[in-house]
Amino acid sequence: MSYLLVAILAGLAAIERKGFLQAMLARPVALATLIGLALGDVGGGVLVGAPLELFWLGAVNLGAALPVHEALGTAAIAGGAVLAGRALGGVTPEVAVLSLLIAAPLADAGRRAERLTEVLNEKLAARAEERLSRGDPAGAARVNLLGLFAPFAISAVLAPIGAALAAEAVPRLVLGPFAALPLATGWFAFSGLACASGAKAMRAPRARVVYYAALVAGAAAVVTVMWRVGVRA
Amino acid sequence: MTVPTRTLLRVFWRSLFLQAAWNRRGMQNLGFAYAIDPALAALYPEPERRREALARHLGFFNCHPYTAAAILGGTIYHEERVARGEEPAGNPVLYKSTLQGPLAAIGDGFFWTALRPFFGALAALGALAVGWPAVVITLAIYNLVHLALRYGLFRDGYRKGDGIVADVARLALPVFADRLRVAGAFVCGLTAALLLWRGALQAGFLSGAVALAAAAFGYLALLGGARLLPAAYVIVVAGVGAALFAARWHGSS
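Just so you know, the protein sequences line up as chains U and C, in that order.
Mapping the first sequence onto this note's numbering, position 143 (from 1) lands on 143, and the numbers just tick up by one.
Basically this note's numbering = 1-based index in the second sequence + 1000.
Okay, chain U solo, but in the shape it has when bound (with noise of 0.2 Å):
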């Protein structure tokens, strides 16, 4: 059932990413909250889609170069994760970073899939045309909606695959073999480069220099805050 809600999800993301209407809900920050709703923790939904937003900022649809898919690493990443805390008491850092590195090369496999759909759309194209010549207009028309079949279909096939693979080992691996490591400092270092990420999308002159200030002046803020309030390392 969980699994379902994962494919219907990352299926319908496909689609609103490319396809229909392109309103940010197959963002990550949206899509793993969303996936998190369903599967019942959100929290841990958003503590995974915040930094996958900003690492893939820059994941932008310009002509006819294609993006990694984010969307599909993110459902992959996101539901492998809030199903991995089923077991471990919640979305911890340790089953988020776990999750990142198994799920994570979906968004690759996910862009060469979308190039291959593109490849197929081309038949579309001239099925379009074919009906156009028998004359039916309005037939030729709604060929386009024919290609949304196929982002759905592929989304909703891997995002549950790359999902089950995370929610399976992870556990294993938090409960065994990665028991005693510090892993939680990982997903911290993975947030920090999403940050970074998430400023290089930002190309504009002052970009840099304001982007270190903005990261100084809130790090001096956030250490003089602590200090004050006695926080300890």
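To be clear, the hints were calculated from the coordinates, so they are not data collected in a lab.
Be a bit skeptical, because a hint or two may be false.
Residues from chain C that face chain U, not an exhaustive set, calculated with beta carbons under 7 Å [unchecked claim]:
#1 1044
#2 1094
#3 1098
#4 1112
#5 1130
#6 1133
#7 1207
#8 1215
#9 1236
#10 1239
Here are the computed distance ranges between Cβ atoms for each label pair [said to hold, decoys possible]:
#11 U/138 to C/1223: 26 to 34 Å
#12 U/115 to C/1217: 45 to 53 Å
#13 U/230 to C/1220: 28 to 36 Å
#14 U/136 to C/1170: 36 to 44 Å
#15 U/177 to C/1172: 39 to 47 Å
#16 C/1160 to U/130: 32 to 40 Å
#17 U/224 to C/1163: 24 to 32 Å
#18 U/172 to C/1102: 21 to 29 Å
Since the model is a prediction, treat every value here as computed from it, not as a measurement.
No residue lacks a Cβ here, since even glycine has one placed at the ideal position from N, Cα and C.
Given the coordinates of chain U, assemble chain C onto it according to the supplied hints.
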């Protein structure tokens, strides 16, 4: 010969499916034909003329999915004139091919590389700071702007035809785009500082410090051409390694 308002709304709804069958040869050609078909059906009751009209819109088309709404509206403006016999049938296609490049550049430069990433970064920061309500509010604001501009462009394109060019220029989107990108970089920097706080509280000061260091040095590495996904694996291993090293050093001292 004019297109009824109901039909225009139907065309706008269909324009949301512009990239449903994006393909390497015609790109958004099927999507454009699908969107404009109800308007053509209203303008050309004779089957042969409608067939010709749809056939010309199955030719190559590619634009940004939001700003393409302006071209769709303007193309209906021109098709109305063709249907009335005031313009040659080649004009709508000429209009499309003239505007698609510039409007694609404006749409990519404003929506895809400025407005959406800015709201994405804001949603991420809000999500980490206060949780899911921040995501809902941020996305609602983004879509208010998105749908207002998308529908406004469609309506103005239909009303003004070629005049839409001056309208889009007046919006000064590239100026706003630059400000949004700078603001977005600011939000990313703040998020890194928030991670220092979060990491320190959840997993020890070292985790927060590692997040901050990853944000600072990761940026340089990515600007230097490091690939994103491999960089993620390297930084996770480096973070865990740093924590192991610190624990051992702390333990032996």
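Against the structure, the hints come out as follows:
no.: 1; hint: 1044; in the structure: violated (9 Å)
no.: 2; hint: 1094; in the structure: violated (21 Å)
no.: 3; hint: 1098; in the structure: violated (17 Å)
no.: 4; hint: 1112; in the structure: holds (5 Å)
no.: 5; hint: 1130; in the structure: violated (10 Å)
no.: 6; hint: 1133; in the structure: violated (10 Å)
no.: 7; hint: 1207; in the structure: holds (4 Å)
no.: 8; hint: 1215; in the structure: holds (4 Å)
no.: 9; hint: 1236; in the structure: holds (4 Å)
no.: 10; hint: 1239; in the structure: holds (3 Å)
no.: 11; hint: U/138 to C/1223: 26 to 34 Å; in the structure: violated (51 Å)
no.: 12; hint: U/115 to C/1217: 45 to 53 Å; in the structure: violated (33 Å)
no.: 13; hint: U/230 to C/1220: 28 to 36 Å; in the structure: holds (33 Å)
no.: 14; hint: U/136 to C/1170: 36 to 44 Å; in the structure: holds (42 Å)
no.: 15; hint: U/177 to C/1172: 39 to 47 Å; in the structure: violated (57 Å)
no.: 16; hint: C/1160 to U/130: 32 to 40 Å; in the structure: holds (36 Å)
no.: 17; hint: U/224 to C/1163: 24 to 32 Å; in the structure: violated (55 Å)
no.: 18; hint: U/172 to C/1102: 21 to 29 Å; in the structure: violated (55 Å)
Going through the hint list in order, the structure does not satisfy hints 1, 2, 3, 5, 6, 11, 12, 15, 17 and 18.
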